[in-house]
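Novice: If you read the protein sequences in the order shown, they are chains A and B. The first sequence: position 135 = 134 (numbering that gives the first Met the number 0), numbered continuously. The second sequence: position 616 = 615 (numbering that gives the first Met the number 0), numbered continuously.
Some clues are possibly wrong.
[Stated by the list, open to error] Short, incomplete list of chain A residues facing chain B, as computed with Cβ under 7 Å:
1) Lys-4
2) Thr-5
3) Met-6
4) Leu-37
5) Gly-38
6) Cys-43
7) Gly-46
8) Ala-50
9) Leu-76
10) Cys-102
11) Leu-132
12) Arg-143
[Said to hold, decoys possible] Calculated pairs, DSS-like style, for lysine-lysine (alpha carbon to alpha carbon, straight line, at most 27 Å):
13) Lys-12/B to Lys-159/A
14) Lys-11/A to Lys-18/B
15) Lys-703/B to Lys-685/B
16) Lys-418/B to Lys-445/B
17) Lys-12/B to Lys-552/B
18) Lys-12/B to Lys-71/B
19) Lys-17/A to Lys-18/B
20) Lys-301/B to Lys-159/A
21) Lys-482/B to Lys-305/B
22) Lys-567/B to Lys-605/B
23) Lys-447/B to Lys-316/B
24) Lys-305/B to Lys-418/B
[What the hints assert, rightly or not] With the Cβ distance kept under 7 Å, some of the chain B side facing chain A (calculated, not the full set):
25) Gly-16
26) Leu-19
27) Val-20
28) Thr-21
29) Ala-147
30) Cys-199
31) Thr-200
32) Glu-202
33) Leu-318
34) Glu-666
35) Phe-694
36) Leu-708
Keep in mind that the hints were calculated from the coordinates and are not lab data. Even for Gly, the Cβ is constructed at its ideal location relative to N, Cα and C.
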Amino acid sequence: MPAMKTMLTRVKINGEAKEWTIAPGDLLLDVLRREGYLGVKRGCETGECGACTVLVNGRAMNSCVLFAAQADGCELLTIEGVAQGDTLDPIQEAFLEHGAVQCGFCTPGMILNTKALLARHPDPTEEEVRDMLAGNYCRCTGFRKPIEAVLAAAQACRAKGGKKPSRATKGGAR
Amino acid sequence: MSRNYTVVGKSVKKVDGFKLVTGRPAFTDDIILPGLLYGKILPSPHAHALIKRIDTSRARALPGVHAVLTYKDVPRVPHTTAGQSWPEPSPYDTYLLDSKVRFVGDRVAAVAAETRAQAEEALRRIEVEYEVLPPVLDMEHAMDPGAAVIHDEPDSTGIYNASHNVAAYILREIGNVEEGFREANFVLEREYRTPRVQHCTIEPHVSITWLDPDSRLVIRSSTQVPYHTRRQVAMILQLPVQRVHVIKPRIGGGFGGKQEMLLEDICGALTLATGRPVKIEYTREEEFYMARSRHPQVLRVKMGVKRDGTIVANHMKVLATTGAYGSHSSTVQGNTGSKVLPLYRAPHMKFECHVVYTNTPVAGAFRGYGCPQGFFAQESLVDEIAHELGMDPIEFRKKNIIRAGDIDELSARLGEGKKGLPRHIRSCGLPECLERGAAAIEWERKGKAPQDQRSHLRRGVGVACSMQGSAIAGIDWASAFLKLNEDASFNLQVGASDLGTGADTVLAQIAAETLGVRLDKLVVYSSDTDFTPFDVGAYASSTTIISGGAVKKAAEGVREQILRIASKMLDVPPENLTCRDNQVVTKCECKKSVSMADLALHAMYKEKVQIMDHASHFNTDSPPPFCAQFAEVEVDTETGRIRVVHLVTAVDLGRAINPMQAEGQAEGAVAQSLGYALSEEMVLDKSGRMVNPGFLDYKIFTAKDMPKLTTILVETEEPLGPYGAKSVGEVAINAPAPAVASAVFHAIGVRFRQLPIRPEAVLRALREKQAHEQEASAGAAGNRASSPRRAERH
C-alpha cells in the first residue's frame with residue numbers, strides 16, 4: 000500500500016481551537032470519534048439516520064457524509080459542547096423532562112438538530128418541528144415525546160431569552 | 000386501587016438520562032482501546048452453496064492483517080444463536096463458520112486487521128470457489144418433494160424434519176374445532192400474509208472482545224442477553240464459562256434483535272487467534288441481512304360464530320419461515336398460537352404451524368414475538384365477521400374477549416419448548432381499554448360519518464385488540480443484589496439489561512419505594528456477568544415483573560436489616576418501625592427517628608456490618624397486558640396513499656411504575672407497527688439477495704410520518720407483579736396494523752390481507768373494485784356478493 004498522505008485541518012470545536020492531522024478521504028464522523036467526541040454516533044454512514052449530526056457553522060449536518068477536510072476553518076458543535084459543565088441546556092432539560100430519551104443513541108443528533116432549528120427559528124410550529132426531526136431516525140419513541148420536548152424547549156429558550164413568543168398557541172403533539 | 004406510593008407510579012426522569020443527553024461515552028463502541036483490530040465478516044454472495052475451495056493466502060499476506068479464519072480454523076460446535084434459557088428450545092443448526100452457506104449474507108470467513116480499510120481489502124482478497132446449489136426461496140415450496148435440503152449436515156440436532164426443511168411443527172387443539180364449526184351459524188375463513196421486516200435499531204450490532212491480564216476473554220457487547228451470551232460463547236469457543244466475562248454497556252435499542260448471540264462468538268474467535276482486542280460492528284447494510292428479522296407468515300384463519308356473535312370455534316393454520324437457521328423458530332410461532340387465539344373465549348381452538356427453512360435472511364426474536372403476525376390475521380378476520388354480521392366490531396369483541404377469572408388453557412399446552420402452564424387471568428382492563436379508546440377516537444361519530452363521494456380523500460376508523468405476556472412462565476427468572484453505603488446511598492446491581500426501555504429507572508423506583516428513600520439514593524449498575532447476578536435478559540416483556548420482583552425482594556431484605564439496626568439505635572422493636580423519607584421512623588406516637596445517613600454510618604463503623612441482600616425471582620404464570628388500539632386513516636384514491644391521521648392506544652399494563660416511560664414504550668411500538676402496516680418490507684430478488692438494505696429504500700416511520708398519538712394507560716392491579724405491575728414493552732406493537740387495515744376497509748371498501756399496504760396495492764385494488772362494479776351494473780346485478788367481498792385479494 001502506498002504511504003498515506005496526510006493533511007492538517009484546523010477547526011474550532013465546542014469553543015476550543017484544534018488542529019487535526021487527517022487523511023484527505025477521512026470522514027468527519029470518523030475523525031470526531033477518533034478525537035474522542037464519542038457522542039457523535041454511527042448509525043448508517045449514508046446520511047440517512049441523523050445519529051451523527053453535528054453543527055457546522057451553526058447548521059445541522061450529517062458528519063458521516065462530510066469529509067473532515069470540509070470542516071477546515073469551521074466552527075463545530077458536538078453534543079459534548081451543548082451543556083455548560085453540569086448545567087444542562089434547556090433543550091437537554093426538556094428532553095429529560097418530557098421522556099424524549101429512551102435508548103439515547105439518536106438523542107445527541109436530535110438535540111443538536113433542535114439547537115440549530117431554535118437558533119434560526121425560536122418559535123416553531125409542530126409541523127416545523129416534525130420536518131426538522133424527520134432527519135433524526137428514532138426507533139424507540141414514536142416521536143410524540145421528542146416533539147413535545149422540542150416545543151417545550153422552544154418555550155423555555157424564549158422565556159430565558161426574555162423574548163415574547165410571536166405565535167402564542169400551538170397545536171401540541173398530542 | 001391506587002395506594003399512596005412516593006416513587007412508584009411517578010413519571011420521574013430517567014436515572015441514566017443525564018449521560019445520554021450530554022453524549023457521554025456509554026455505548027459499546029464508546030471506548031478507545033490501544034491495539035484494537037477491526038474485524039469483518041465475508042458474506043456469502045449465494046443463497047445456497049458449498050465452499051469447494053477457499054484460499055486465504057493473499058488476504059493473510061496483506062500488511063496489517065492479523066487473522067483470517069475459515070471453517071478450517073475454528074471448532075465445529077452445533078449451536079443456536081437464540082438468546083434463550085438453557086436448554087434452548089431452538090434447534091442446534093448453526094456453526095461458527097461452515098463449509099456450506101445457506102443465505103446471501105451467511106458467514107464465509109472472518110478477518111481482523113489494523114484498519115477498517117485493510118480488513119475490507121482482505122475480504123476482497125479471499126478466493127472462494129463455490130458449488131452453487133439450487134436455493135429454496137419460497138416458503139410455500141420449501142416442503143415440496145425434491146426441494147433442496149438446507150440442513151443436510153449430520154450433526155445438527157433439534158430440527159423437526161431436516162429432510163423436508165421443517166425446522167419446527169406445532170399442533171394443539173382444545174375441544175374439537177370441526178364440531179365447533181358444525182355448531183356455528185356462520186363460518187368465515189381467510190388467508191393473510193405478513194412481511195419480513197427488520198428491527199432497525201439505530202445502533203447496529205457491535206461487539207468488542209479482548210483478553211484481560213488473566214487471559215480471560217472479555218466481551219463488551221450490545222446485547223439483551225449477557226448471561227446467555229456468556230454460556231453460548233463458552234460452548235462455541237470451547238472455553239470454560241469461568242474464562243468468559245460479558246459486559247453489557249448502554250444499548251442503543253434492541254427490540255429482540257439483540258436477544259441473539261450474533262457477533263460475540265466470531266469476534267471472540269478473532270481475539271483468541273490474534274491475542275488482540277477486536278471490534279466487529281455491522282454496517283447498516285450488513286445489519287439488514289446479516290442480523291435478524293421478523294418471521295414472515297402465511298396465516299389461514301377460520302372462525303365459526305353463533306348468530307348473536309358468540310365465537311364457538313377458532314382455527315389458525317400458519318406457515319412461517321425462519322430463514323436459513325432456526326433461531327427462535329418454534330417459540331415465536333408457538334406464541335402466534337398461545338398469545339393470539341386465547342384473546343377470545345372459544346370452546347374449540349386449534350393451532351397448527353409449520354416453520355420451514357428457506358435460503359433467506361435469518362428470522363429471530365422481534366418485539367411482539369409472533370403476535371403481530373397472529374393478531375393481524377385474527378383481528379382482521381374478526382372485523383370481517385363483525386361486518387358480515389352487521390355488528391359493531393367493538394360490541395363483537397366485548398362479547399367474546401377473555402376476562403378476569405378465566406383460565407387460558409391453550410397456554411398450558413403451548414409452552415416454550417415444553418409443556419406450558421395455564422394462564423389465570425387475574426387482572427384484565429380490556430373492556431375499559433375498548434371504552435376509553437373508542438371515546439378518544441370518537442368511534443360513534445366517525446364510524447358513522449358518511450363519505451364525501453366527490454372527494455378523493457376517504458376517511459375510515461378501525462379497531463383491533465391484543466394481549467401479550469409478562470415473562471415466560473416457569474422459565475424466566477432474575478436476581479438482584481443491593482447494599483447500603485455509609486452515606487445512605489444504595490448500590491443496586493442487576494443482570495437485567497436496559498436497552499432503552501427504562502429498566503434501570505423502573506428497577507430503581509421499585510427499590511426506592513421499598514426502602515423509603517429518594518430515587519437519587521440508588522446507584523444502578525447493569526449488567527456484567529462478573530459483577531451482577533444472573534438474569535435471563537431483557538425479553539418477553541419480563542424485566543419489570545421478574546427483575547422488578549427480584550429487586551423488591553432484595554430491597555425488603557435490606558429494609559429488614561435496616562430496621563433491626565434502627566431498633567437497637569432507637570430502642571424500639573422493629574415491628575414498630577418503618578422506612579420513610581430517607582429515615583427510619585416509629586409507627587407509634589413516640590415519634591422517634593434516625594436518619595438513613597446516621598444509621599448507615601453507625602452500621603458500617605460501629606456495628607461493623609455490611610447491610611446487603613440479594614434475591615431471585617420467577618413466576619409460574621405470565622399475566623397478560625391487554626391493548627385496544629384505534630386508527631383513523633385517510634386514503635387518497637388518486638394516489639393510493641394511506642395517511643394515518645390518529646392512532647389511539649389504550650393499554651392495560653397493570654400498574655405503571657413510571658407512566659411517562661410506559662407511554663414511551665407504547666408509542667415506540669406503535670411507530671414500528673405502522674411501518675409494518677404500510678411501508679416496511681425486506682425485499683429479496685430471485686437469487687435471495689435483499690434489494691433494499693438501507694434506510695432510503697427500507698422506509699421506517701419518521702417524525703413526519705407519525706400520526707397524532709393518544710396513549711391511555713388503563714391501570715389494573717396485578718397480584719403477581721411488583722406494586723401491581725404487568726408489562727408494556729411489547730403489547731402495543733400487535734394491533735395498530737390490523738386497526739389500520741380495518742380503517743382502510745371502512746374508508747374505501749377494500750380489505751387488504753397482506754402487509755405492507757402500499758399505495759400501488761391500494762390503486763390496483765381500487766381499479767379492480769371499480770371494474771367489478773361496472774361489470775356488475777352492466778350485467779344482471781342479481782344475487783352477486785357485495786362489492787367489498789369481490790375486491791378480496793386472496
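Novice: Each hint: holds or not?
Specialist: Cross-check of the supplied hints:
1. Lys-4: violated, 14 Å
2. Thr-5: At 14 Å from the nearest chain B Cβ, Thr-5/A fails the 7 Å test, so the hint is violated.
3. Met-6: Constraint on Met-6/A not satisfied, violated at 17 Å.
4. Leu-37: holds, 4 Å
5. Gly-38: holds, 2 Å
6. Cys-43: holds, 4 Å
7. Gly-46: Violated: closest Cβ of chain B sits about 9 Å from Gly-46/A, beyond 7 Å.
8. Ala-50: holds, 6 Å
9. Leu-76: violated, 11 Å
10. Cys-102: Because about 3 Å separates Cys-102/A from the closest Cβ in chain B, which is inside the 7 Å limit, the hint holds.
11. Leu-132: holds, 4 Å
12. Arg-143: This interface hint holds because 5 Å falls under the 7 Å limit.
13. Lys-12/B to Lys-159/A: holds, 22 Å
14. Lys-11/A to Lys-18/B: holds, 24 Å
15. Lys-703/B to Lys-685/B: violated, 33 Å
16. Lys-418/B to Lys-445/B: violated, 45 Å
17. Lys-12/B to Lys-552/B: holds, 24 Å
18. Lys-12/B to Lys-71/B: Roughly 52 Å separates the two Cα atoms, so the pair is violated.
19. Lys-17/A to Lys-18/B: Satisfied, since the Cα-Cα distance of roughly 24 Å is no more than 27 Å.
20. Lys-301/B to Lys-159/A: violated, 62 Å
21. Lys-482/B to Lys-305/B: Roughly 59 Å separates the two Cα atoms, so the pair is violated.
22. Lys-567/B to Lys-605/B: Holds - the C-alpha atoms of Lys-605/B and Lys-567/B are around 12 Å apart, at most 27 Å.
23. Lys-447/B to Lys-316/B: Distance of about 34 Å is beyond 27 Å: violated.
24. Lys-305/B to Lys-418/B: violated, 32 Å
25. Gly-16: Interface hint status for Gly-16/B: holds (5 Å vs cutoff 7 Å).
26. Leu-19: Hint holds; Leu-19/B Cβ to chain A Cβ min 3 Å, cut 7 Å.
27. Val-20: With Cβ-Cβ at 4 Å, under 7 Å, it holds.
28. Thr-21: holds, 5 Å
29. Ala-147: At 35 Å from the nearest chain A Cβ, Ala-147/B fails the 7 Å test, so the hint is violated.
30. Cys-199: holds, 5 Å
31. Thr-200: holds, 6 Å
32. Glu-202: Constraint on Glu-202/B satisfied, holds at 5 Å.
33. Leu-318: violated, 28 Å
34. Glu-666: Nearest chain A Cβ about 3 Å off; hint holds.
35. Phe-694: Holds: closest Cβ of chain A sits about 4 Å from Phe-694/B, inside 7 Å.
36. Leu-708: holds, 5 Å
When the structure is compared with the earlier hints, violations turn up for hints 1, 2, 3, 7, 9, 15, 16, 18, 20, 21, 23, 24, 29, 33 and for no others.
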